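Residue numbers (the numbering used here), protein chains in the order written: chain A, 1 to 616; chain B, 1 to 137; chain C, 1 to 231; chain D, 1 to 172; chain E, 1 to 119; chain F, 1 to 497; chain G, 1 to 86; chain H, 1 to 90.
Please note: incorrect hints may appear among the correct ones.
What the hints assert, rightly or not - Stretches of chain B that chain C covers, calculated by requiring three or more beta carbons in the stretch to come under 8 angstroms of a beta carbon on chain C: (1) 34-47; (2) 100-106; (3) 109-117; (4) 123-136.
Stated by the list, open to error - Residues of chain G clear of chain C, computed beta-carbon distances all greater than 12 angstroms: (5) Met-1; (6) Val-8; (7) Pro-28; (8) Thr-29; (9) Tyr-60; (10) Ala-79; (11) Leu-86.
Hints in this document: simulated from the structure, not taken from any laboratory.
Quantities reported herein were computed from a predicted structural model and do not represent experimental measurements.
Idealized CB from N, CA, C, for every residue including glycine.
If you want the building blocks of each chain, they are given just below.
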Amino acid sequence: MNSIVLIFGVFLGGAILTYLAHKLSNILSSAFFVLTIFTATVLFYLKVETGDVFSFSLNGLHLEWGITSFSWIFSLIVLGLGTMAAVYSISFMKGKERLGYYYFNFILGIFSMMGILLSRDLVSFFIFWEIMTWSSYMIVVYEGRSVQKIGIKYILFSAMGAYAMLMAIVIIYSQMQSVMIEDLIYSFSSFSISYQIWLPILLLTGFGVKAAMMPLHVWAPGAYSHAPMAYTSVFSGALSKMGVYGMVLVFSTLISQLPEHTIIREVVAWLGGITAVMGTLWAITQDDAKKLLAYSSVAQLGYIITGVAIGTELAMLSAIFLSVLHALFKGTLFMVVGAIEKQTGTTNLTEVTGLIRKMPWTFIAALMSIIALAGIPPLGGFVGKWMLYESLIGSDHYILVILIFFASTAGFLYCYKFLFGFFLGQEEKEWDHVKEAPASMVVPMLILSFFSFLLGTFPGLILKPIDQGMQSLGYVPTEGHFWGMSVLFNEWGNAVVLQPILYAIMAVFLFFLVFLTLKGLKGTRYVTTKDISSSGEVPGEFENLSYKQNFFQPFLRAVEPVMKRQIDKYYTGIGNGIEAFFNYVRRVYSGNGQTYAIYVIIFLVILLLFKNNLFG
Amino acid sequence: MDQISFDISIVEYGFFASAILVILVGLYGALVKKSLIKIVIGLSILESGVNLLLITIGYIQGGTAPVFSPQLLKDMPLTLENIKALGNEMVDPVPQALVLTAIVIGFGVTAVALSLVIRLYRHHHTLVIDEIKNLKW
Amino acid sequence: MKKILVLLLLAVFGIYLADVLFSLEFGKQFFTDGVKDFYLTKGPLDLKVSNTITAIIVNFRGFDTLGEVTVLFLATTAMGGILYKKRHKVGARSVLFPSSQIVMAGSKILFPAIILLGIYVFVHGHLTPGGGFQGGTIIATGFLLMLLAYQDYTVSHKVLTIVESLAGITFVVIGLMGLIKGSTFLENFMPVGTLNNLFSGGLIPIIYIVVGFKVGAELTGLIYTALHEKD
Amino acid sequence: METKTLYKKLTSVFLNWLFLFIVWNAFTSSFQAQEVITGLIISFLLALFTSRFFDCCSLRVLHPVSLFYSIVYVFVFLIALIRSNFDMAKRVLSPSLPINPGIVKFKSKLQSDFAKMMLANSITLTPGTLSVDLIEDTLYVHWIDVKTDDPEKVHAEIAQQFENILLKIFAE
Amino acid sequence: MKEVLEIIGALFVLLGGIFLFLGGLGIVRMPDAYNRIQAGTKATTLGGMSLILGVGLMETSWLIKAVVIIIFIAFSNPISSHALARANYKRKNFPYLKNTKGVDAYKDAYLNENKEEQS
Amino acid sequence: MVGSPILFVAVPLLAAFLIPLFGFIWKELVRIVPGIVLLYLLILSVSLYIQVLQDGTIVEQIGGWAPPWGINLVFSPFTGLLTTLMLFLAFIIWLYSYRFKNVDFEPSKKYFILLLMLVTGSIGIVLTGDIFNQFVFIEIMSISGYALTAFYTGRDSAEASFKYLIMGSLSSMFLLLAIILIYSQLGTLNMADIASKAHLMKPEFRVLALVFFIVGMGIEAEIFPLNGWAPDAYSQAPGPIGAAFSGIVVKAGIYSIIRVTFTLFDVEGTMQFLVLMGMITLVVAEMAAIKQDKIKRMLAYSSIGQMGLVLVAFGIGTEEGVFAALFLMVNHALVKPLLFLSASYLVFNSTEKSIRELNGLGKYLPLTSFLFALGAIAIVGMPPLSGFWAKWSMLTAAANSNMILIIGLVLLVSVVEIVYYFRVVNRIYFFKKEEDVEPKKPTINAMVSMIVLGILIVTIGFYPDLITSYLHEASESLLDKGKYIQDVLSAGQSIIQ
Amino acid sequence: MIQIIIYVTFGFMVLGIIFSAWRIMKGPTAADRILALDTLTTISVSGMVLLAYVFNRFIYLDVALIYGVLGFIGVLVIARYLEGAL
Amino acid sequence: MIIYLIFLFVLLALMVGAAIYSIMQKDLLYAVIGTGVISLVLSILFFILQAPDVALTEAAIGVALTTIIFIITIRNTVRYEDEHDRKENK
């Protein structure tokens, strides 16, 4: 039996088994769930090699599954994050309803992502893509909150993207009577020029939706924040990377063949940049941690898209590197929020405070990830962003650099808000009962944050495979001059030049933190943020005095003009307009049988009048 | 007295025209009249027009009904030639057979339609079609 | 407004239809090798049926007739289904009061005659105009006469159903017999006799008798159902 | 009693059969053996089914006297019919429409329904009269030219000639 | 013989035609429904009968069937016109009476009947 | 010789005539017999179909007269496929309605007779090779349809039925007019004969006949301006009948219009016209569907839309296009009945039958809801269910004929479809249940029938090759007009000589 | 001679038909219309017999016969409805 | 000769006229009578067109059966086309 089929079998069998086991007992189901993902992961890394190809034909199409060294990188994201999230899920989901349903869709999600990575042809790619869409949709609407709005928005955009992609695939198939990606790469140059322009655009639309690219991102915040956090970590960490994966494919193989590819590249890069800025700005305004992280995800994906779109070797490298890292830290952060939600019951930043002592491990994981997210050395984010800046400057995109730099700087604000809001600040009686999350939740977070630390320190660990993967995409082998590509790396390439300095900074920072904390522990009287006796004035009864309230008021006032024009509104407007139009159109079904009969005669008369035009 | 030749070549288009007119009148009734029964009447008139048209198509000048009655055969031997000669003077039997079927079917449909009208009246207490549109859009 | 629109539409329709149909010449045959000649020779010669229309309806295009019978059957069934009410009023009469004695006495004597006329029509379906449908209709009309004349005249629904079903079954079974005895459905497997005799035409009179019974029972049932529909 | 009903039934079946057989032969109007035999069978079967309605007359109608009077009746009737038509033609064609309509009534002596019906029909087809209703044995007649409204006189005027013959035919 | 019969038949046919016409004229000219029924029934019955008989005479082999039709007509036409007259009365269309002096003997019976129904 | 195609018509008729008699013996027989008949016919159909694939088209003559003169039934790979499909669905629907609610009371006899006749009429339309015979079968189908639509006494079903009846009468008028025109020119009614002689017709006759056929059959096939009856009828009929309408009756309508345009007339421009009409139908139907608040009405509009898609696929005109159209038909025939069947249990006890009343039923009727969701996913063409492959074939066929605009439009409309289907699915699973709606558990037989459909959908989704070879055979046989004519007309020759 | 007589008869019948049609149009009561219909029926039956003679087909007489019988029942139906019995 | 033609034309005109009459007539009973006239005339026309079978069928179905069904429907519903007329005539 082919190993790929075996893995898929494990996934599918596991999914069904889990679902059925749920009927017996939740524990059994959970066990099956974790076991399935673990087994698949282990099997994948043990059994599957890049040469493995499983080919078959279906409905007259030649389809192939097999892994390339490029998709292998993404499989790391998917399986790594997936495994962790799976372990995390068990505790997180304890006590919730319809576990079987959740597990089933979770496994299907992981399965479909692996399927996407393993497909070597467009049709199975599309099939897995759609499985991914609806399985994730199922989980997005799992809790049923404002599902009619969020869920429909998500499925609507996904469908539009997917159908754009399907259209491209169909055209490709009609052009070359094959759906293999390899064939596409070889025969793309023989397509007519309009196809050469339109096909990548269609494909990019499809991928752009999943990667939450600028005008297509509106589904993302809602969907990210409405799914259970255990899944959101996968959702934002791995699932959105599928879009990136596709974009990388398109840019590196198709668009690079276009004679005038720069325009598309520029446009997409700018879209990415704008996405980053807007995502950041929106993230700052959020008071809900989930929303905040969701917008932050959008912003981060903006960087990655920019990198992919620029498409020089360094940019691509940085983009993929950022993808991996984003999976790690954003996965962790969502897990953190999940843990807090689990323990406190809310994720509102203005309500929850001072959890640092109650949930120290969670705090550590959050801290590490936030640092990585903000791009502060020595963690991975810094390396990635550095490389991105470098590549942008290298390809003369100065304004973009400014844009992205602005975004990442502004990003500090929400990073701070997040960290401060949850963990620092005054403690309140309300949260006295809060305890550290269970081990099975903490451990995955810690493992993931450890990895983001590791990659920041030794980026070579992941950069090498990425480099190999890029070679399989047709980039020149960089073995020789790879380490010279960025000024950041040392000569061995496995660490960063600025390492020692950064460590020093880090150490001082940590020291102060610990010092302050210890000092704070002694003899401080804690006043809750709602204690109105602390001041002479008499504020409103339940007004929250925490200065997390209206945290960045001045800043927000400054950026308000930009923020006001939410794309969401336009979409809603268009949607309403369309629905109103549809509502108008359906009035042709007037309910009067006679009117219908008159339609028949009108139709007949039209046919009679135009019969010579219609029928030769 | 022998055959009076029933020469109706002058009315060549009379049958066609009146069949078409009847069809149109029936259609008008079905499309414009408000009463359900009127609509059904219109439909049955329509039917009649179509049937007349079909028979008119099958008519052959000077032909007789395609029935080989003894009176017609007049003790002729039953040979292929004789039969063919007789047959050539007969109208086309096929449209007649079709119309027979069509009439019976039309009657069936009318019966069903009228029972529906009764049901509708029982339910809505009116026969005006404009008022019977609970199902729309 | 609607009227004018409809009139306009119908005018266009009529003009087009007339335009095409007027290019036909009235009373002429417009084709050279239609199926008509075949029927007109095979009917009297092979089937020994003098009424070619009957031959077409029952034999050449017998399948249509089966369908037609089914349509009537369905119309009856449909009427029953559509007009079905949960509770029939006890003692509901089809006719409110009996007609005058004159009509009653007249219908007594006309009724057997009309039924006989119906039977005559469908028994002689292959010799004279008419046949199963017409005969059946006449029979149903005879029952209608009785229903109109007498207030308390009832037709047993059960008997009607049985007659109808048996007739239908016979029709199909005769067809299937053709499949078994010959090679095709509704194929004639009986001796055809001589032209213009009562006993001629093989299966055709038999089928027409069956059709006559079936149509008679169906239409009677239909009228009966309809007459009993009263609020 | 039972034998009597059985007898009645048998007569009605027989008469019915006869009637139907005659009608059948009239319908076919060809006296081939096949037709006649089929007619016998069919009319017998049908007579069995419809005999319950066929109670118009007894076996007496087959008596020669009855048959004779039947023929007489037909002629009387035809003459009356023709007379009535000319009468009607006169009325219709004369420009002044000489009519004086009204409804009169009289009692009939006839017993059986069938006979009464025959009488009513005859009256309808005879000059200037139209039977409107028959309740028990009172016949209401629309008379286009009312001469009297006394039932006896009306009877004599309108119905006498038919009723006498019918009485003889049905022997009542 | 045949010729004579044909001529007689033809005359009957003509007579029938005339009476049919008269029937039509009658129903047009008469003042109320009863009189029209009188005119229509009588004239058309005789007209139809004589026409059909005429045809039967012209073509002697048709005679039997023609007689059957005649009998049917003669039997059914009066019944239908009677039913019609009765129905018309029951719809309260009382006969046209010249100068309101005419007799309407049926009215009492009709009213009695209605009373019974009401009670 | 396994059997003869005539049995597909004769046996149900026999059964329909027998059922009233059975009613006197034992009431239960009334229900059982149709099932036995349908099962028998299904088996027969499958075996005949296999035989046909090996030995070629079976042309069954009736009355022993060769095709131009007698009526004939043509069991070709194409018609055989449709027949088998219809019979399968009919059996499923029978199984489902075996103990469905209102069928249980008195007129159940009539219900089963009418259902049987609905199926027979549809099969007759597909099998017959004679244009007038087809008309007769259309009438059989329509009359059963009218009666079944009005089967529930309580609702507005009579209104729906009456609309259907008006349209149906117009349809039959146009069909008759078309038949008149054809007969006046060719003197024949046999389809193959007409097809072989069509060039002899005067062009204006041909075009007018075609127009009448399109209007007449378009009403049955639910082309856009002619389909006003459809949503009402679908939504007011009992659940299983809605399924039968969408699964069986429409297929017959589409078949008839296809037979006319593909085989009978070879008028230029017909194909483009089909594409145009299909497109308009699709778009308008989906527009109307999105705002529906009655579940069955929504399904009905969706069904119309799907038929539009089928017409577009047929209109592409290539072998691939026809293949895709058939695939779409098969898919629709499996999925839409599933949706109707499950939906009618979901709204079983509600009075309004509105989507609002589906709220939260996923918890109470898990399997039914799941099957509904499965159907929803399949109908919008999401992989890996059967709908995707159908849509894929359609799109590739369009792409191969360079109809890029069509692809775009179809996909855009699919998005609309997704929106309204997922709205419903969302309600089923993620909303709070309405207090007053008491869900009713499906009976065992209903469950089985739905599950069978579900399994088929999934199976075809994962392994479309299961049916594609048959579909290819069928599409080839539809497109090969010459072979059809030859098959039919030569079949008679042997008997004549 | 006979031909002329038949022509003339047809002419009379046409007049009869026109009169009856006029009465149907004009009314005023339902009974008048039905009466006219009845008259029309009788005229039609006669016309059919005459046409049968013109066409010289014996079998056509059946049609006239049946028409006569059924027309009577049609009239009876409406009469009974007018009576209020239906 | 010309009389035949007049006869025919009168029949055709009567048919069309009856059709228009029964469509335009407000009283449904009269409309039904109109359909009766149509099928009567149609029957003669079929007869003239040498289709006795069809004439027979049209007579059998058109005259008695269709009438009775229409009448039954009118009995069970209303006799007049619109409510206004009904009030006036009652």
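Going through the hints against the structure:
{"no.": "1", "hint": "34-47", "verdict": "violated (count 0)"}
{"no.": "2", "hint": "100-106", "verdict": "holds (count 4)"}
{"no.": "3", "hint": "109-117", "verdict": "holds (count 6)"}
{"no.": "4", "hint": "123-136", "verdict": "violated (count 0)"}
{"no.": "5", "hint": "Met-1", "verdict": "holds, 28 angstroms"}
{"no.": "6", "hint": "Val-8", "verdict": "holds, 26 angstroms"}
{"no.": "7", "hint": "Pro-28", "verdict": "holds, 24 angstroms"}
{"no.": "8", "hint": "Thr-29", "verdict": "holds, 19 angstroms"}
{"no.": "9", "hint": "Tyr-60", "verdict": "violated, 7 angstroms"}
{"no.": "10", "hint": "Ala-79", "verdict": "violated, 9 angstroms"}
{"no.": "11", "hint": "Leu-86", "verdict": "violated, 6 angstroms"}
This entry does not satisfy hints 1, 4, 9, 10, 11, going by the numbered hints stated previously.
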